[in-house]
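Here is how the chains run, residue by residue.
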Amino acid sequence: MTEQNVAVPEAQKPPMTERTRHHERYVAPPVDIYETREGLVVLADVPGVAPEALDVRVDHNVLTIRGHARHGVPGEVTYREYDLVNFFRQFELNDKVDQRYITADLKSGVLTVHVPKAQEAKPRQIEVQVA
Amino acid sequence: MATWNPWHTLETVRRELDHVFDDSGPRAAPAFRTAFLPGRAARQYPLTNLYEDKDAVYLEALAPGVDAATLELSVVGNTLSISGEKRRVAGEVQPEAFHRSERATGKFVRQIHLPMEVDEQHVHADYKDGLLIVTLPKAAKAKPKQIAVQIG
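Protein chains in written order, with our numbering: chain A, -4 to 126; chain B, 99 to 250.
Isolated chain B, as found in the complex (with noise of 0.2 Å):
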């Protein structure tokens, strides 16, 4: 025979409760992640997402229209300065000719702290289809050792 147990109760609702939590908010739902570019209050720029496997750590970030000139890098330790600039038209525009203006262009300036040491000596940075992509090795002793067991 089943005894009721409330706690068992309270915990089902809580776990409930939970779900439907996990169902908004931009870790479950990917609708609600940023698809694309932010506007112009953007307090970040550009986004980026990080990539990681044995041997390096990759750093993709969300940069259309990006004047390749204009782009630096510079790691430092395991921070990465990412700046450039980002020109509405390619010549000049009188503001009036516009009709809509929904693309954030500027300067950019970002700063991204790695998860570990890298080797800067061989960062390199890719722009294509306007994405910025930067492999950056990871340092020696930032790599995983692998640890023969001696069988006794």
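Isolated chain A, as found in the complex (with noise of 0.2 Å):
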């Protein structure tokens, strides 16, 4: 699975950073991927995405998470650290995983999703014959 930023036609709307052009910006989420005997585990952080302002999906063979984060508070701002902005983030598949049943949850901030690998890319014990 390697990172990507490939123009897909539902991801056409581009995740512009310059703010001349555009005026919602757009993060790349840290994630973690690890390694499974079913498949690859992609978790990201996403804070203050709520799971309907969240898009997973997969198009072209590209994995593309794109989440609106909103503020949760009342009240003006006194002192601030950090802005919410909007999360993307894309990569590429390629063909030992199984495409039709990625899943994804969003969990307190964090999408957690499970790519199982195909079939023919599993380990396979093989039996020893022996004569």
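It is possible that part of the hints are untrue.
[As the list claims (entries may be wrong)] Some chain A residues near chain B, calculated using beta-carbon distances under 8 Å:
1. 25
2. 42
3. 45
4. 55
5. 56
Think of the hints as simulated: they come from the structure by calculation, not from any bench.
Built from N, CA and C at the ideal position, the CB exists for glycine as well.
The task is to assemble the complex, starting from two chains supplied on their own in separate frames and drawing on the hints.
Structure below.
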């Protein structure tokens, strides 16, 4: 799985960072990716993103994560260390994963995407025949 | 007829230079502000924003994936302490299984000095979508008092 920035029809609205062109800013969320026997697990920190504001899709072998973060506090800001901005990141999937069974779940600001391996890419125990 | 005033020219230059600096740095250019979680080397975690209205001070902290059971908050005077732990993954994963590891994890403690006295009895905290939101009602003596103007 490699990180990608590919023009995908659905992801056409690009993550512009130049503020002169686009008032919405995007950042790449930090991710952890680890491998299990069944597949890959992608964990992304997306604080402030509600489940309905998160968009995870697979298109043309590209996994796209996009989320809109919102503040949850009334009142006027008096001291600021961070801005909540939108999240956007893409990963290219190879044919060793089974795209049909990708699942995603969001819990307390962490997105977990399970990317199962394709059957032919799974490790297989080979019995040794003893003559 | 306009006379040339060198001080005026200097003032103009100074103002233009100020503009140059206004366009960079964390204060004016939001692009330079920390937009998401800092890396592991961050000195303070979690990052917090403070908000205020007439009745309360609100603290919002970026803390995705923190184990809710480990979160501890305490208020003494006008100091709020937050501590907790963020685990990398829920179960056991061998270090060699990781392809990427960018998220900051570990135990954290942070103390925040609040701008005023708060009512310690009525502080409450919510943890939603990875944001910790603490509502700290202002102490009675810290609230603004309306003073009626007597018209004689």
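Okay, the hints, checked on the actual structure:
1. 25: holds, 4 Å
2. 42: The hint holds - residue 42 of chain A has a Cβ within 8 Å of chain B, the shortest such distance being about 4 Å.
3. 45: Since the shortest Cβ distance to chain B is 5 Å, the answer is holds.
4. 55: At 22 Å from the nearest chain B Cβ, residue 55 of chain A fails the 8 Å test, so the hint is violated.
5. 56: violated, 17 Å
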